[in-house]
Amino acid sequence: MTRNSFLDDVRFSQDEMRRYSRHFVLPTIGIDGQKKLKSSSALIVGVGGLGSAAAMTLAATGIGKLGIIDDDDVDLSNLQRQLLYTASDVGKPKTTIAEKRLREINPEISVETYHDRLTSKNALAILPPYDVVIDASDNLPTRYLVNDACVMTGKPDVYGAVYQLEGQAAIFFSRNGPCYRCLFPDPPPPESVQSCAESGVLGMLPTIIGNIQAVEAVKLIVGFGSSLVGRLILFDAAAMDFRELKVNKIGSCPVCGDQPSIRALIDYEEFCGSKRMETEGRAKPSFKISVQELKQRLDKGEMLTLLDVREPFEFDLVHLNARLIPLETLPNRLNELSREHEIIVYCHTGARSYSAVEFMRTNGFTNVKNLTGGIEAWAREIDPTMIRY
801 MTRNSFLDDV RFSQDEMRRY SRHFVLPTIG IDGQKKLKSS SALIVGVGGL GSAAAMTLAA
861 TGIGKLGIID DDDVDLSNLQ RQLLYTASDV GKPKTTIAEK RLREINPEIS VETYHDRLTS
921 KNALAILPPY DVVIDASDNL PTRYLVNDAC VMTGKPDVYG AVYQLEGQAA IFFSRNGPCY
981 RCLFPDPPPP ESVQSCAESG VLGMLPTIIG NIQAVEAVKL IVGFGSSLVG RLILFDAAAM
1041 DFRELKVNKI GSCPVCGDQP SIRALIDYEE FCGSKRMETE GRAKPSFKIS VQELKQRLDK
1101 GEMLTLLDVR EPFEFDLVHL NARLIPLETL PNRLNELSRE HEIIVYCHTG ARSYSAVEFM
1161 RTNGFTNVKN LTGGIEAWAR EIDPTMIRY
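For the sequence shown, position 33 matches number 833 in the numbering used here, and the numbering has no gaps at all.
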């Protein structure tokens, strides 16, 4: 059966005729384009800020099937940017709430949910039925996993990422252009990567980037316009500025290159160094301290120096009885700290303080520890009256 004869068999209900009427009269989509959407599918990896926006837009647009995979529950801190959820959803699985909301947006579409993490074990079973994969994840191991799985299954990877006031979007499609590894061959050191909770993000930013991802998915499916294959869009919300970088396919790429060395999915936590951080943490237990242990020692009146390596505005928001030296200024201010005293370093969730402890130890501070989980863990487990952000 040819593509055109297949589209001839696609029918719209009366409700759909009204729902998609603005697309029917839009020359770039029209009836045939809407039929392509109805007969197509997209998998959204992660229904956080990016995934919420992409899922809602694609559901309203009339894509035939949406797959959503996420293993998280809704948290109160999500509601600032993840528009699929409300306060009454806190504590419930994101996939359960997302499916309900997407069906309310458009009862005509099919929604498949996977309350799970995308892993090397399940990715090649989940991806094949979908025409487009939208990477709305928030961590490096999953981004590399999505990329490699898309290369191996021949799927386009519609990529998006946000950080503070900046966002990125691209399409990595090895059939027609580069893959994610062509742009980022190696992951950065894990201790240098900050999460959304650590760095913050403007609430509207994921919606902007997520909608760009949705637009690119629709363009791929319908077949119009100039796609972001081979192009990386950089958005700066502070300057309201869009820039573009050309991304070239690399012949030596280990996944999509001329002679790929990676032909099966690997351990991406290991590849990105996450397991190394955990292993090093287990190997050096004296270099870290839990919030419970710190509380016990403070209650005993032990003389400890608390060092806060967050930014001043974070310190003003909430802090312990600590000395503030932001991480980026620490190299020039080590002389303000005594090597004789035991120092407990903390930040928001533990990433910046981990880097600080490693740096201090290489500079002669042998009695320094990282507060596991940071002030977020302290507020959650020790003092629930403290402000959390």
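Simulated from the structure, these hints should not be mistaken for lab results.
Take these hints with a grain of salt, some might be off.
In the BS3-like style, the derived pairs of lysine-lysine whose C-alpha atoms are separated by at most 25 Å in a straight line are [to be verified]:
no.: 1; residue 1: K1088; residue 2: K1046
no.: 2; residue 1: K1049; residue 2: K1088
no.: 3; residue 1: K1019; residue 2: K838
no.: 4; residue 1: K838; residue 2: K865
no.: 5; residue 1: K838; residue 2: K900
no.: 6; residue 1: K892; residue 2: K865
no.: 7; residue 1: K1049; residue 2: K865
no.: 8; residue 1: K1049; residue 2: K1100
Across the chosen pairs, the derived CB separations fall in these ranges [unchecked claim]:
no.: 9; residue 1: D873; residue 2: G1164; range: 39 to 49 Å
no.: 10; residue 1: E1093; residue 2: D986; range: 29 to 39 Å
no.: 11; residue 1: E1044; residue 2: P928; range: 25 to 35 Å
no.: 12; residue 1: Q1059; residue 2: L965; range: 19 to 29 Å
We put the CB at the ideal spot given by N, CA and C, even for glycine.
Pair hint outcome, K1019 versus K838 [Cα-Cα no greater than 25 Å]: 14 Å, holds
Falls inside 25 to 35 Å, the C-beta gap from E1044 to P928? 31 Å, holds
Just to be sure I understand the hint, the distance between the Cβ atoms of E1093 and D986 should be within 29 to 39 Å; is that true here? Once the Cβ atoms are compared, 36 Å apart, the range 29 to 39 Å for D986 and E1093 holds.
Decide if the proposed pair is consistent with the structure: K1088 and K1046, CA atoms, cutoff 25 Å inclusive. 43 Å, violated
Checking one constraint from the list: CA of K838 to CA of K900, max 25 Å. Satisfied? Measuring from Cα to Cα gives roughly 19 Å; hence the hint holds.
Taking only the CA atoms, is the gap from K1049 to K1088 under or equal to 25 Å? Roughly 43 Å separates the two Cα atoms, so the pair is violated.
Does the alpha-carbon distance linking K1049 and K1100 stay inside the 25 Å limit? With Cα atoms ~60 Å apart, K1049 and K1100 exceed 25 Å; violated.
Please check whether D873 and G1164 have a Cβ separation lying inside 39 to 49 Å. Between D873 and G1164, where Cβ atoms are some 44 Å apart, the hint holds.
Measure nothing beyond the straight line between the CA atoms of K1049 and K865; if it is 25 Å or shorter, mark the hint as holding. Violated, at about 31 Å.
CA of K892 to CA of K865, is that 25 Å or under? Since the Cα atoms of K892 and K865 sit roughly 23 Å apart, the hinted pair holds (cutoff 25 Å).
Can the restraint linking K838 and K865 be considered satisfied, given a maximum Cα separation of 25 Å? Given pair K838, K865 holds - Cα atoms ~8 Å apart, limit 25 Å.
C-beta pair Q1059, L965: status relative to the range 19 to 29 Å that was hinted: 40 Å, violated
Hint compliance for this structure: hints 1, 2, 7, 8 and 12 are broken, all remaining hints hold.
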